[in-house]
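Residue numbers (the working numbering), protein chains in the order written: chain E, 1 to 496; chain Z, 1 to 288.
Think of the hints as simulated: they come from the structure by calculation, not from any bench.
Since this is a predicted model, take the numbers as computed values, not measurements.
Hints should not be assumed to be uniformly reliable.
What the hints assert, rightly or not - Here are the simulated SDA-like cross-link-like pairs (lysine to any residue), alpha carbons at most 25 Å apart as the crow flies:
hint : chain 1 : residue 1 : chain 2 : residue 2
1    : E       : Lys266    : Z       : Leu10
2    : E       : Lys187    : Z       : Thr3
3    : E       : Lys196    : Z       : Leu10
4    : E       : Lys187    : Z       : Asn5
5    : E       : Lys429    : Z       : Ile12
6    : E       : Lys429    : E       : His455
7    : E       : Lys187    : Z       : Leu6
8    : E       : Lys196    : Z       : Leu17
9    : E       : Lys266    : Z       : Thr8
10   : E       : Lys429    : Z       : Arg7
11   : E       : Lys429    : Z       : Leu6
12   : E       : Lys196    : Z       : Val15
13   : E       : Lys196    : Z       : Arg7
14   : E       : Lys285    : E       : Trp353
15   : E       : Lys355    : E       : Ile289
Listed below are the residues making up each chain.
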Amino acid sequence: MLFNSATFLFFAITVMALYYAVPKKGWQLFVLLVSSLVFYGWTQPALLALLGACILMNACTSWLASLQPRKRNQILIAATGVILNLATLCAFKYMHLVAAGLDKAFGVRLGHIEPMALLLQLPLPIGISFYTFEAIALLVDTVRGSMKFRSLRQHMVDTALFISFFPHLIAGPIVRPSYFFDQIGVKYFRAIDWNKAGEYLILGYFLKVFVADNLASMIDSGVAYRYMLSSFDLALTACAFSVRIFADFAGYSYIALGLAALFGYKLPQNFNWPYTAQSLSEFWKRWHISLSTWLRDYLYIPLGGSQQGQVRTYINIMVVMLLGGLWHGAAVNFILWGGMHGLGLCLERSLGWHKITSNNRFIAIARALVIFGFVTFAWLFFSHKAPIALSFCHAMLENFALTPAVPRDVMLIIICFPVLLMHLVDAVKRGTAHIQENPSDSARSLNNSPALLQHISRTVRAVCTSNVAYDCAMAMMLFLTLVNPGDPNTFLYFQF
Amino acid sequence: MQTMNLRTTLAIAAVLLSVYIAAIGTGQVHGNIMIRPNQFNIVTAQQWHKLKANPEVVLIGSSKIAYLRPSYFDTEVINLGLIGNGSATGMQLLRNSVLTPQLVLIEMGTHSFQPQVDERFVNAGKGDVRADEGLLPYDQRPMAVLLKLLCPFERDEVPSPAKVAKASLYEIEHERKSLTPREIATISANLKILRDGARELIARGTQIAFISIPCDSIIQHAHAEEETEKLLDQIFAGIPIKKLSIHDGGNFETTDMVHLSVKSAKQFAKMLDEDLQHLCLASGDRVL
Chain E
1 MLFNSATFLF
11 FAITVMALYY
21 AVPKKGWQLF
31 VLLVSSLVFY
41 GWTQPALLAL
51 LGACILMNAC
61 TSWLASLQPR
71 KRNQILIAAT
81 GVILNLATLC
91 AFKYMHLVAA
101 GLDKAFGVRL
111 GHIEPMALLL
121 QLPLPIGISF
131 YTFEAIALLV
141 DTVRGSMKFR
151 SLRQHMVDTA
161 LFISFFPHLI
171 AGPIVRPSYF
181 FDQIGVKYFR
191 AIDWNKAGEY
201 LILGYFLKVF
211 VADNLASMID
221 SGVAYRYMLS
231 SFDLALTACA
241 FSVRIFADFA
251 GYSYIALGLA
261 ALFGYKLPQN
271 FNWPYTAQSL
281 SEFWKRWHIS
291 LSTWLRDYLY
301 IPLGGSQQGQ
311 VRTYINIMVV
321 MLLGGLWHGA
331 AVNFILWGGM
341 HGLGLCLERS
351 LGWHKITSNN
361 RFIAIARALV
371 IFGFVTFAWL
381 FFSHKAPIAL
391 SFCHAMLENF
401 ALTPAVPRDV
411 MLIIICFPVL
421 LMHLVDAVKR
431 GTAHIQENPS
441 DSARSLNNSP
451 ALLQHISRTV
461 RAVCTSNVAY
471 DCAMAMMLFL
481 TLVNPGDPNT
491 FLYFQF
Chain Z
1 MQTMNLRTTL
11 AIAAVLLSVY
21 IAAIGTGQVH
31 GNIMIRPNQF
41 NIVTAQQWHK
51 LKANPEVVLI
61 GSSKIAYLRP
71 SYFDTEVINL
81 GLIGNGSATG
91 MQLLRNSVLT
101 PQLVLIEMGT
111 HSFQPQVDER
121 FVNAGKGDVR
131 ADEGLLPYDQ
141 RPMAVLLKLL
151 CPFERDEVPS
161 PAKVAKASLY
171 EIEHERKSLT
181 PREIATISAN
191 LKILRDGARE
201 LIARGTQIAF
211 ISIPCDSIIQ
221 HAHAEEETEK
231 LLDQIFAGIP
241 IKKLSIHDGG
251 NFETTDMVHL
261 SVKSAKQFAK
271 MLDEDLQHLC
281 LASGDRVL
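Required output: the full structure, derived from the provided sequences and hints.
Structure (structure tokens):
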């Protein structure tokens, strides 16, 4: 069930009505749990068996681990659970890659072996990468002692809701167990923060329905007809793809946040305007935050992080980024993409650039553009097979003589503009916050600027931080979402 | 910290919507406030080369035809392959032109069911055939439905025999039902253009040959080509045409190309062999 479908709208309204109307508030969890399972099994009910098994296994394992007085036993039980989770993920997600590799290298055809053939025919369970990581976090946090369970029955229900809560089930954000478990309880309709929920929903649907869906067909055709388009058109198409993937995924995350808010739950922010980042390290603190922090806490730090010498740090970064790439899918292009980011992060660290952020707006813009260029280049390999991405780059370098397709380019710019503006507004807001925190710095820098520039700067800041302007912008987003939606597309991150 | 006021936001959006609805009501705005992006998908006629009133061959088809390079030909060839569109538009261009080729090679495939492009584009081909690399609107949906009919498999999927049997064009009736009446009308109109065009050209003494080039995803469906040929039989029943196909178990080997009755046939076949991988790549792994 897609968030951007009429079926989902009906589903969400019905569930919400039931959720707040149940006579006994204890039934709320039951309503939420059942509706989450309905949501997940809507198109492929068979997948509910896998989700159910995952919930049961992780609830039991974490409960058992928490009962052990000795740390060693706790680790043993949790490790078994983690291995089972990873085995399930690998069986569904990476078996095709292994089968193709074996076939190519040794001529071994796994598809001809009966049990493997059956496994290879099974569809990839939607959202498996997300809920497996959440389950692993539950097991690890139990051993770390950051989880407190009440009773087995309650723990079963809590774990079931934690893993299957429908707003974040399919494409995140990847929620930490302690963050979610603490929120489980009775919720009241009057306690809903309508302003926040509305803000998230409007922003999310605008990014998905207006920006991402409208860009989709233009970008696809741009890649398909790359030999026919000029270098400028292709560069613009590549940039638009960066905007699209952000709008698509961030849109989903904001919708998830908004929906959760309607049910009285808070989910962590997954995006923080990543294209204003001045370094790759900063980019990863702003892009898919729930995944990057998960990788940091459950992989990078346990590997030793940056505490065991420079060479080991680089190895750790590469391992994390390659596995992060592989998490997105069992394909060479994802490994390539992860490798590119890993190398970029290592290079940045070796030059000491990862710690530097400039308050000089021109330097900051230049650095953000360089990072955006690198990220955009890497997205080409993320979203297309390497030969197609390379031929796209080749065409971009070759087609200087062709005339730009102006109407198409104008359309791309118009649709991308709101996302760029949002990034810019965020940068201005951060600048304003910096000024408020360091008034002497700002006074010095303002005094050095021409009067007109000072006036413009103050006006821009006032508009960007004004509540009225914000309400108008949100109203415009809602309006555009309603009157100019793109052709409905599935969310890009559903495939992961 | 900025926070949105939901009431104010909804009130402003309501005002905007009211103005918009009023503008539609008074005829100031038609439908979408902005032009839809898929209207900017690309329809490009490529390589309209070696202009001559009586070329030996005219090629009509989609991007697979359009990408054929002039260097492959040692004869007078005009390429009316259209990127982003297909054979029906090419046929209209040909009928509007003054060309009297010896052979017209029409590519048949899912693209053949794409709707016509803008009338202005078709008229641009009147008189001398000339290149027009403008951007013109087209709607992809009917083609997408047809693609689903002909090629219901995922890329790289090895379909089971049961799935292949189920995939038969004539067995997925429920998929056909997903076409709207408007889309069915579009498809019918295109088929009529091809049928009438073929009749007219044959009357002028031109030979007509149809080819079906399965692309990388279609080729995995063992019956895709047979289905296309069945469709051809249905559409062109009673018209003396040649039917050619390039398909041999997924290796892109030519089999029937030697039937072409012009001297460039072998070059043409050779070129298709060499270029097909490139073409599939160039079309972004999507069949046009």
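Tested hints:
Only pairs whose Cα atoms come within 25 Å are accepted, and Lys266(E) paired with Leu10(Z) is accepted, the gap being roughly 23 Å. Our distance criterion of 25 Å between C-alpha atoms is met by Lys187(E) and Thr3(Z), whose separation comes to about 22 Å. This hinted pair checks out: Lys196(E) and Leu10(Z) have alpha carbons roughly 14 Å apart, not beyond 25 Å. The straight-line distance between the Cα atoms of Lys187(E) and Asn5(Z) is roughly 22 Å, inside the 25 Å bound, and the hint therefore holds.
Distance check on the hinted pair: Lys429(E) and Ile12(Z) sit about 24 Å apart at the alpha-carbon level, within 25 Å; holds. Note on Lys429(E) and His455(E): the hinted pairing holds, with a Cα-Cα distance of about 16 Å set against a maximum of 25 Å. A threshold of 25 Å between alpha carbons decides the hint, and for Lys187(E) with Leu6(Z) the separation of about 21 Å falls inside it, so the pair holds. With a C-alpha separation of about 22 Å, the suggested pair Lys196(E) and Leu17(Z) falls inside the 25 Å cut-off, and the hint holds.
For the hint pairing Lys266(E) with Thr8(Z), the CA-to-CA distance comes to about 24 Å; that is within 25 Å, so the pair holds. For the suggested pair Lys429(E) and Arg7(Z), the alpha carbons sit about 24 Å apart, so the restraint of at most 25 Å is met. With a C-alpha separation of about 21 Å, the suggested pair Lys429(E) and Leu6(Z) falls inside the 25 Å cut-off, and the hint holds. A C-alpha spacing of about 22 Å is found between Lys196(E) and Val15(Z), which places the hinted pair at or below 25 Å, so the restraint holds.
Of the pairs offered as hints, the one joining Lys196(E) and Arg7(Z) holds, with about 12 Å between alpha carbons and a cut-off of 25 Å not exceeded. Annotation: proposed proximity of Lys285(E) to Trp353(E) holds, straight-line Cα distance about 15 Å (limit 25 Å). As the CA atoms of Lys355(E) and Ile289(E) are separated by approximately 18 Å, the hinted pair is consistent with the 25 Å bound.
Hint compliance for this structure: every hint is met.
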